[in-house]
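Enquirer: What follows is the residue order along each chain.
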Amino acid sequence: MDMSYKEKSLLASLGATLLLFGWYLYGAFSSLPLNPELPGFLEFIILIVGFVILEAMIQSFLAIKNKSQLEDERDKLIEKTSSRYSYGFLVVCIWVSMIQILLDARFDNHLMLTTPYGMFHFLLLFFVLSEVIRFATQLCHYRKGV
Amino acid sequence: MSQQTLAEKVGVTRQTIIAIEKDKYSPSLEVAFKISDVFQEPLENIFKYK
Chain A
1 MDMSYKEKSL LASLGATLLL FGWYLYGAFS SLPLNPELPG FLEFIILIVG
51 FVILEAMIQS FLAIKNKSQL EDERDKLIEK TSSRYSYGFL VVCIWVSMIQ
101 ILLDARFDNH LMLTTPYGMF HFLLLFFVLS EVIRFATQLC HYRKGV
Chain B
1 MSQQTLAEKV GVTRQTIIAI EKDKYSPSLE VAFKISDVFQ EPLENIFKYK
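Going line by line, the protein sequences match chains A and B. With our numbering, letter number 98 in the first sequence gets 98, and the count goes up by one each step, no holes. With our numbering, letter number 3 in the second sequence gets 3, and the count goes up by one each step, no holes.
The hints are simulated quantities; they were obtained by calculation from the structure and are not laboratory data. Worth double-checking, as some hints may not be accurate.
Pairs of lysine to any residue, SDA-like flavour, derived with a Cα cap of 25 angstroms [stated by the list, open to error]:
| hint | chain 1 | residue 1 | chain 2 | residue 2 |
| --- | --- | --- | --- | --- |
| 1 | B | Lys9 | A | Gln69 |
| 2 | B | Lys22 | A | Arg143 |
| 3 | A | Lys67 | B | Glu21 |
| 4 | A | Lys65 | B | Ile18 |
| 5 | B | Lys34 | A | Val146 |
| 6 | B | Lys24 | A | Val146 |
| 7 | B | Lys9 | A | Asn66 |
| 8 | A | Lys76 | B | Lys22 |
| 9 | A | Lys65 | B | Leu6 |
| 10 | A | Lys65 | A | Thr17 |
| 11 | A | Lys144 | B | Asp37 |
| 12 | A | Lys144 | B | Gln4 |
| 13 | A | Lys65 | B | Lys50 |
| 14 | A | Lys80 | B | Leu29 |
| 15 | A | Lys67 | B | Lys50 |
| 16 | A | Lys80 | B | Lys24 |
| 17 | A | Lys144 | B | Ile46 |
| 18 | B | Lys24 | A | Thr17 |
| 19 | A | Lys8 | B | Gln4 |
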């Protein structure tokens, strides 16, 4: 398959995001019902540092392997189109979270989502999903046209 | 002329030239004029509106 530098870079970012954040969120949501107040600060810092190192390594490798890292008008159009989908998804998720918090305060339900730990991980999940949508739609546009 | 040469002359990636050829991307006027300039042909001889 003939892929541009930009496509390879996107594929690497998608893989790294799914691998590291997927692993972290799977662990977090597995332990969430058992211990809704568990602080995950240290694990989160390790995750961010690990993600930055992995991304830097992959992107540097790709930059060395590919002579041209030119970004043209098609790349910018695809990026803009995909950001719209990602933003739309994130807005819906934020609204759902806000309504959930409001309902919880009104009816005193104390759901998993409204504990600080739960809320943090749900927001992180929404953010990661919106990033995955952004990468996936960009890759899709590169293959199917825009 | 190869796709790579055309891409370099126009200032886009080879994948963009491929996408234009396959009708998967409509270039901007700037890129369209640059392509016509490279081939020394009028715009309407290179691009057709469907």
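Enquirer: Next pair to validate is A/Lys67 with B/Glu21; report whether the Cα-Cα distance is within 25 angstroms.
Expert: holds, 23 angstroms
Enquirer: Mind checking the alpha carbons of A/Lys65 and A/Thr17 for me, to see if they're no more than 25 angstroms apart?
Expert: holds, 22 angstroms
Enquirer: Does the alpha-carbon distance linking B/Lys9 and A/Gln69 stay inside the 25 angstroms limit?
Expert: Distance ~16 angstroms between B/Lys9 and A/Gln69 Cα, so the pair holds.
Enquirer: Sort out whether B/Lys22 lies within 25 angstroms of A/Lys76, counting only the CA atoms.
Expert: Holds, at about 19 angstroms.
Enquirer: Can the restraint linking B/Lys24 and A/Val146 be considered satisfied, given a maximum Cα separation of 25 angstroms?
Expert: With a Cα-Cα distance of about 6 angstroms, the restraint between B/Lys24 and A/Val146 holds, given a limit of 25 angstroms.
Enquirer: What's the verdict on B/Lys9 and A/Asn66, does the C-alpha distance respect the 25 angstroms limit or exceed it?
Expert: holds, 19 angstroms
Enquirer: Check whether the Cα positions of A/Lys8 and B/Gln4 lie no farther apart than 25 angstroms.
Expert: holds, 18 angstroms
Enquirer: Given the proposed pairing of A/Lys80 with B/Lys24, does the C-alpha separation stay at or below 25 angstroms?
Expert: Given that 25 angstroms is the threshold and the Cα spacing comes to 17 angstroms, the pair holds.
Enquirer: Assess, step by step, whether the Cα of B/Lys22 is no farther than 25 angstroms from the Cα of A/Arg143, and give holds or violated.
Expert: Holds, at roughly 11 angstroms.
Enquirer: Please verify whether A/Lys65 and B/Lys50 have alpha carbons no more than 25 angstroms apart.
Expert: With Cα atoms ~39 angstroms apart, A/Lys65 and B/Lys50 exceed 25 angstroms; violated.
Enquirer: Check whether the Cα positions of A/Lys65 and B/Ile18 lie no farther apart than 25 angstroms.
Expert: holds, 21 angstroms
Enquirer: For the pair supplied as a hint, A/Lys65 and B/Leu6, is the alpha-carbon distance within the 25 angstroms limit?
Expert: holds, 22 angstroms
Against the hints set out earlier in the document, violations occur for numbers 11, 13, 15, 18.
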